[in-house]
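**Q** These protein sequence lines map, in sequence, to chains V and U.
Residue numbers for the first sequence follow my numbering, beginning at 1 and rising by one.
Residue numbers for the second sequence follow my numbering, beginning at 1 and rising by one.
Please note that the accuracy of each hint is not assured.
The calculated DSS-like cross-link candidates involving lysine-lysine, where the alpha carbons are at most 30 Å apart (straight line), are [said to hold, decoys possible]:
id, chain 1, residue 1, chain 2, residue 2
1, U, Lys16, V, Lys136
2, V, Lys9, U, Lys27
3, U, Lys96, V, Lys152
4, V, Lys27, U, Lys11
5, U, Lys136, V, Lys16
6, V, Lys11, U, Lys27
7, U, Lys27, V, Lys129
8, U, Lys152, V, Lys99
9, V, Lys9, U, Lys9
10, U, Lys9, V, Lys11
11, V, Lys11, U, Lys11
12, V, Lys123, U, Lys152
13, U, Lys9, V, Lys16
14, V, Lys152, U, Lys152
15, U, Lys129, U, Lys9
16, U, Lys129, U, Lys11
These are computed hints drawn from the structure, not numbers from a lab.
Number of protein chains: 2
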Amino acid sequence: MNDEQYVYKGKLLNLKAVEVILPSGRKATREVVEHPGAVAIVPLTSPDRVVLVRQFRYGPNRTLLEIPAGTLEPGEDPLSCARRELAEETGFGPGKLQKVGEFYTSPGILNEIIHLFVATELKSICAPKNGDEDEKIEIVELNLDEALNMIKSGRIVDAKTIIGLLLVSRAT
Amino acid sequence: MNDEQYVYKGKLLNLKAVEVILPSGRKATREVVEHPGAVAIVPLTSPDRVVLVRQFRYGPNRTLLEIPAGTLEPGEDPLSCARRELAEETGFGPGKLQKVGEFYTSPGILNEIIHLFVATELKSICAPKNGDEDEKIEIVELNLDEALNMIKSGRIVDAKTIIGLLLVSRAT
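Just chain V, same shape as in the assembly (with noise of 0.2 Å):
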């Protein structure tokens, strides 16, 4: 049996050491990070464009290109989060939201799981909230092959987003 114990409970995150019993009988601790699960969106303005967001990342530090996505609001349902997030993100409005999978980001040490979904029948719904509460966010549309290229030169680098251009490339 495992002991597990809160050693940092925060906004967003909490850190939990979990106590272990490897196979040889040796006790060991594994650093496990709580995160209450995200919504990533690939919002297609017709089968082959793509919306992505530019916005800096305080974790890797720099300004990374990405599909929309956020967090769970506690008790908030996936399909109603991408709804949100896609709308404050970039203003749009699904009339076609799909979910295509989901993934953990790095099961190692956390136990973040994203939604992943398909946006199509794109409507502008509202202003993206941009730039005034929260973090700016600048919106970007590719065509998909261009945003594959990117992929493959390094200048995309986030896994979520990787995941999605791929699978919806895959599937078209």
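Got chain V sorted already, so can you dock chain U onto it with the hints?
**A** This is chain U only, laid out in the frame that chain V set:
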């Protein structure tokens, strides 16, 4: 200017709270997890056969099927780390070990970067460190098509593994 402060310093992870000033002028806190970075390897025993590892993960609290991977030791270069982790987890040494990309696993909260390699011309060079000191790791060899179907059906749900398999299947 941002002010940052460590709220936890651990064995593998540090957690810091970064005080940021948003475009609106409001101050806010961002929680960021520091990680030394990692490598992941897609080991191909033939152009259409891939070696995966199955192991229990304390983050998601479940057993996952993944490509071999591991954390960078202090000062270790990613190529050496990939060679070491591949041998430790599978017993294979690669005739050819090629970097195919790098990506951030969860840049909103974590600075972890994964350096991704493809290993070919594999030779069995040692016994894997299997279930002795560390967690038990089961080695699974699959057809690449079978592994791609497991992404589609939700039986492979690890981000780095999805990226590795999709990139390799595009290249071949």
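**Q** Against which earlier hints does the structure fall short, listed by number upward?
**A** none
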